[in-house]
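Chains A and B supply the protein sequences, listed in that same order. 72 is the number of the first residue of the first sequence in the working numbering; add one for each residue after it. 72 is the number of the first residue of the second sequence in the working numbering; add one for each residue after it.
Hints may be right or wrong, so weigh each one.
Note that the list lumps identical chains together, so a pair holds whenever it fits in one copy or between two copies.
Unchecked claim - Listed next, the in silico DSS-like pairs over lysine-lysine satisfying Cα-Cα at most 25 Å (straight line):
(1) Lys103 with Lys190
(2) Lys103 with Lys191
(3) Lys103 with Lys220
(4) Lys289 with Lys190
(5) Lys85 with Lys220
(6) Lys339 with Lys190
(7) Lys277 with Lys295
(8) Lys216 with Lys103
(9) Lys371 with Lys109
Keep in mind that the hints were calculated from the coordinates and are not lab data. The structure presented is a predicted model; accordingly, all values stated were derived computationally and were not measured.
Residues per chain are reported as follows:
2 protein chains.
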Amino acid sequence: MNDKKNINIYDIAKISGVSTATVSRVMNNSPKVTEKTKAKVMAAIEQCGYTPNIFAQGLGLNSMHTIGILVPSIADLYMSNAVAHIEDILHNAGYDCILHCSGYSAKQKETHIQLLLNKKIDALILVGSTYAGSEDTTHNTDYIKQAAKRVPVFIINGLVNGDNIYCTASNDYQAAYDVTSALIRDGREQILFLTDSKSYSANQKKNGYLDALRNEGKTLDESKIIHTVNSVYTVKDMLTENEQLSFDSIFATDDAMAIGAIKYAISKNLHMPNDLAIVGYNNSTLCVCSEPELSSVDNKIEQVCQDTCNRLIEILQGNTDIPNQSIINCSLIQRGTTNFE
Amino acid sequence: MNDKKNINIYDIAKISGVSTATVSRVMNNSPKVTEKTKAKVMAAIEQCGYTPNIFAQGLGLNSMHTIGILVPSIADLYMSNAVAHIEDILHNAGYDCILHCSGYSAKQKETHIQLLLNKKIDALILVGSTYAGSEDTTHNTDYIKQAAKRVPVFIINGLVNGDNIYCTASNDYQAAYDVTSALIRDGREQILFLTDSKSYSANQKKNGYLDALRNEGKTLDESKIIHTVNSVYTVKDMLTENEQLSFDSIFATDDAMAIGAIKYAISKNLHMPNDLAIVGYNNSTLCVCSEPELSSVDNKIEQVCQDTCNRLIEILQGNTDIPNQSIINCSLIQRGTTNFE
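Chain A on its own, in the form it takes in the complex:
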């Protein structure tokens, strides 16, 4: 009984003659346990030569088995899908999830991380590249590094360097590079780039688009990069009203914007993909609602979430040999709005 590493909750339960659930309740100071039962369990713990505190830490019994999840908005399709995957995986691994929605402002993000840290969480998952900083604001990622001093922090689709920070990102740079190259090889000369964000991921996509143009010897035209809102009608109206804008293809960083482009093309009797090729991003349910259906980048959200949760579980189980960054490759799902070979 002196090999402390081999003592587990089953041993304590057996020695004290109670269930493992009861042992767990004692360690968590549950009011449901009688004093008599508590005494039996504590005696068993002492018999094994452990102080309750060290014992509890070793088995994770002192933890709430709770993971904090922060998303900017759960109404966003990409994020609600991510949270659904994460919640499912973590629940099956025995963890509960506390969800907070922070919005997009730096101040709110910091406030919500603090609120979650105050909840005795075992780890923090930040969903979305908005947490990895933004090119046009002065707020940086120090607040994430501060949080990582208290619990391991996992970032879905953003890369932040730092101790105890683990990032899994889809390779948005490469996906955008590949889509843009495919459009150029397809003979497209004027590729409109629609984006609704200046997040880490949005920048990766923009850089992929720009580098592909550069490497294919195309001139860069800043007027082809349009910041807009991720809404079907905003994009349709914007394209309709901007009559001086000329383009033969559109690459949008979210599907709803690309659907707006399809609606514009239909209203103008443009044939897709001949007159106008369109590519969206996220490969959401929206893609199959339109006619023609939308070609879109599948950014492998399920795989990104699985990778994140696998690493989280490993780390909470004490495995320290976990790489800090992991990149998942995307793939283009072609439907009716492109016909790349």
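Starting from the known structure of chain A, fit chain B onto it as the hints suggest.
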């Protein structure tokens, strides 16, 4: 200082010369507070003639200010929208939210409610009519009544009678009745009813459909009620393969199924709404992705959530004069797949 009702956290903070946040930390036994500060705050509490425990209960300081939210699936558009609204409203009112996703089985629902109750939540919100029972299973709503003995329980879009249970539902029966009546007045003789669920809400819709047919003197044809999956392609394929099925209109209880019907109509060169009228449900983003765009019932999810949260906040503030049930009327948003007058 003897009017206990008028003592609040600001009084205690003022008397003890600390911030309200510090008072709150003392009441929650936070390890961050020094013994000296704690002593000052406790002295102020005593000065006001309260025992800490009663004081804490009265001000809700002993609570975690946390609301448990249970949804069957957060990947569902309707539910992720609902959770987004709820989280936003409750956060602004000073509450945190713990999210669990239960799936649809009776056993899992009960397990998750128990897990949430163990988290010291102040109230429980069940999102979706699946929690209000189902017509074809033996599981009942006793587990909700048990939960309501511990915390107030709020049900979004389901009606369950019981003490400490508060329900806000959209009037799905009336909406389905009205849509069916409008289709009949529009001259439709064969109205297909597509449903993916046997939940409380799904039954309300089916009953509205059946009662409208009855009241308009139409014969009921059970083969017109089709249970399917809420997926665009499942419905498109089902309609394509069922060549013996005859219909001049389709009413689907979720938008994705209705979009599948639109895709079927396009593949068959049917004019909408002349050859085929289609109505969806939930008025989601999907409605504007197709051409023609989908007419759909707006079930006022934002209003339902606001009503639920208003009542929750009132009850947690001690207002006992809150009605147990609240019904919100829906409205049909007409787009290209219908042209009712």
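Here's how the hints hold up against the structure:
1. Taking the shortest Cα distances, Lys103 and Lys190 sit within 25 Å of each other both inside one copy (21 Å) and across copies (13 Å).
2. Taking identical chains as interchangeable, the C-alpha atoms of Lys103 and Lys191 lie at most 25 Å apart whether they share a chain (21 Å) or sit on different chains (13 Å).
3. Proximity of Lys103 to Lys220 under the C-alpha cut-off of 25 Å is restricted to the inter-copy arrangement: shortest distance 16 Å between copies versus 34 Å within a copy.
4. Taking identical chains as interchangeable, the C-alpha atoms of Lys289 and Lys190 are never at most 25 Å apart, the minima being 52 Å within one chain and 58 Å between chains.
5. Taking identical chains as interchangeable, the C-alpha atoms of Lys85 and Lys220 are never at most 25 Å apart, the minima being 37 Å within one chain and 34 Å between chains.
6. For the identical chains of this complex, Lys339 and Lys190 are neighbours neither inside a copy (54 Å) nor across copies (56 Å), given an alpha-carbon limit of 25 Å.
7. Proximity of Lys277 and Lys295 under a CA criterion of 25 Å is satisfied intra-copy only: 11 Å inside one chain copy versus 50 Å between copies.
8. Within a single copy, Lys216 and Lys103 get their C-alpha atoms only as close as 38 Å, which misses the 25 Å cut-off; across copies the closest is 21 Å, which meets it.
9. Proximity of Lys371 to Lys109 under the C-alpha cut-off of 25 Å is found in neither arrangement, the shortest distances being 47 Å within a copy and 50 Å between copies.
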